[in-house]
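Q: Residue numbers (the numbering used here), protein chains in the order written: chain A, 1 to 434; chain B, 1 to 434.
Hints may contain errors.
Put simply, identical chains are the same to the list, so a pair is met inside one copy or across any two.
Unchecked claim - Taking lysine-lysine and the DSS-like style, the derived pairs with C-alpha atoms no more than 30 Å apart in a straight line are:
#: 1; residue 1: 49; residue 2: 150
#: 2; residue 1: 422; residue 2: 150
#: 3; residue 1: 424; residue 2: 410
#: 4; residue 1: 20; residue 2: 150
#: 5; residue 1: 222; residue 2: 422
#: 6; residue 1: 324; residue 2: 424
#: 7; residue 1: 49; residue 2: 410
In short, the hints are calculated from the structure, not lab data.
Number of protein chains: 2
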Amino acid sequence: MSALRVGLLGLGVVGSGTFKVLNSNAAEITRRTGRQIEVVAVAVRDVDKARELVGDSIPVTQNGLELVQRADVDVVVELIGGDTVAYEWVMAAIANGKHVVTANKALLATRGNEIFEAAREQGVMVAYEAAVAGGIPIIKAMREGLAANKIEWVAGIINGTTNYILSEMRNAQLAFSEALYEAQRLGFAEADPTFDIEGVDAAHKLALLASLAFGIPVQFDKIYTEGISTVAREDLQHADRLGYRIKLLGIARRTPNGIELRVHPTLIPAEQPLANIEGAMNAVLVQGDMVGPTMYYGQGAGELPTASAVVADLIDVARLQTVKQQHQVSALAFQADALIDIPILPMTDVVSSYYLRLRVEDRPGVLADIARILADSQISVDSMFQEPHGEEQSDIIFLTHRAVEGHVNKALEQVQALELVKSKITRIRVESLS
Amino acid sequence: MSALRVGLLGLGVVGSGTFKVLNSNAAEITRRTGRQIEVVAVAVRDVDKARELVGDSIPVTQNGLELVQRADVDVVVELIGGDTVAYEWVMAAIANGKHVVTANKALLATRGNEIFEAAREQGVMVAYEAAVAGGIPIIKAMREGLAANKIEWVAGIINGTTNYILSEMRNAQLAFSEALYEAQRLGFAEADPTFDIEGVDAAHKLALLASLAFGIPVQFDKIYTEGISTVAREDLQHADRLGYRIKLLGIARRTPNGIELRVHPTLIPAEQPLANIEGAMNAVLVQGDMVGPTMYYGQGAGELPTASAVVADLIDVARLQTVKQQHQVSALAFQADALIDIPILPMTDVVSSYYLRLRVEDRPGVLADIARILADSQISVDSMFQEPHGEEQSDIIFLTHRAVEGHVNKALEQVQALELVKSKITRIRVESLS
């Protein structure tokens, strides 16, 4: 069979990685697919730099719109990122009948519904394994491997930067800012780390996982998102003492009242497989009604791991390029006409357990006052301990039983207003993942 | 589209599970595939019992050969196990142009090459996700998800019975026989547990994983296989003290001199993700040259988890039933004409580190005598400790640096022959999995 001809948009980290994987493993890939996969055109901002990598035989342009119209391109690989030019070029590629492979979670999380619909109308595939959890084949597992299941929930460590920072804070007993600095020095965090540490990147990925799990449209804007900058070194220590670890999780869960979509730091039991995912690694735990829990673990970012996922998508496209649409896997795992608009549960209706830490004046009656407020809001305390801080203050740590988030919000407002409470209350959700 | 019509051979644990999953999740499966999957005929030994599950509307026969010839069957699901009748009926199904889905690792490990070749000639698919690691989509990950990689090695906990026994021996400090009894009582081990505890079941699965990893024919008979019955409670305790866990691993590794294929108890570092897989759970760690390590975790057995994998295969068949062979994934991940007969490394040429435990007379010079024999065989000791046993004997535990298995065998023969050595030497391999 003739080669699959690839037009590559972008030669940054993942773009060059993709080029390298296709070259280094050309023989192994052909042994598997019976077909060669060849980059036939590249669009980049810096043409001279691109030449150093791809040589003189491949046409290099700055004009992506020109590339996606080339008759000799079967599939367009979009690795430029962002949602402006990338959006324009991806839509143009689809309009020109090209299959699309992309690693762009921001683009798919915000404009995926529109892109997938356009692809469906044109009968082309949009593959995005690299958009979630880097090299881990989690999209394939959810779209195909677990297709016999009704998915009950998904919980994932899907941002390596924050997992690295939380691991370092715990293992090296660093403050958040110190661990962030270390992550930046080692290249695990960007100069402007906002998207990662505030949970936005994880929310992009969760939007896609939730659609794959439940057959709902992509709804990034409905995700409750809280980052890790409020997690303090002592919270990690207290969690340890209580038999927990703190991880930034993306959680999507089916409940009778709607779907929970949330990204936040979470205490999880230390014996949970997810609890032991260290450093910049990613892992996704999926609960299916038939298979039970399955977990997928690996490098969630980086040049070659991410390129491994891009090329896996290309291999799928190479196999399925000429078949009818019905033989392809649907972009969001479910048939387009089977997507259901299940309501997303407002965060105030979510039920969870809570870890609370607050600094109080060390005098009789403090605990009674706080416990009274919690009880009045139907929040019952599972365990509690107190640590002296200086001569006249104490830190109180509570673990609550399951309670409604809205009740907890109101109770915490009242507790916060007490004169004897001397710090902003730290509140971290606790999940058993079972 | 019309329904995919399934002929079911066998209604034992996994067979009934498959029937249940197809029924319970019919709506969700159709939402995903746009197609119904329907059991249209069943072959079982006990027709009356089958009727209780499948009702009166589905034809039930005792004759599998009749079932696989039915014109209204598109795909035959073989869940009877064994390699006699199962072999005959699977080959007949293929000869009749039926796709085959099977969970039968023993059959594929011993006769897979022949079966896959027959299927290729007939242009039908043979899918076997359920044959390895139950509900975990590891076959799909290796055939498709990691297809961009040259796989360097695979190491898996792929037998739940032995993992349950080793976990119990460690956690409840049981002897092997006690833990085995407990596993039998709870249904994690069969009445005759030989296949599981001697590593044969794991070797069946490893034979398939190795073919998928390297593009080699299935070679069950070349796997070095050692079970867990020689692992003692104190070995698990010593391993803990040394910072390791003991797991029964199936290991397939590409080396410059050939491919290692081995199943044996293994000390692995306690911080390794595989080390923390507890109870009857399975996990497979795969090292790709581009993606690095990825791990897949879940229930490796059981009615519904295994059925989840069978039905995932059926969903693949439902999508790809009518496409040309080139659009299907090759049975062993690689094109049939690209399979290479890479030599399998004899076990004596394998390089590993070793944990050694031996009981010796407690007198001066013992250690010197043993250390001299090890040194003469080019085995260097990494660490060592001694524990008194009674008044006049001691247990010595060695961890060696990496050494050639053949050298170790010879050295251990000589050590064993020393008069001062009072027990059979326990030798367990040590792997860093990095």
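Q: Run through the hints listed earlier and report the numbers of any the structure violates, in increasing order.
A: Result: hints 2, 5, 6, 7 break, sorted rising.
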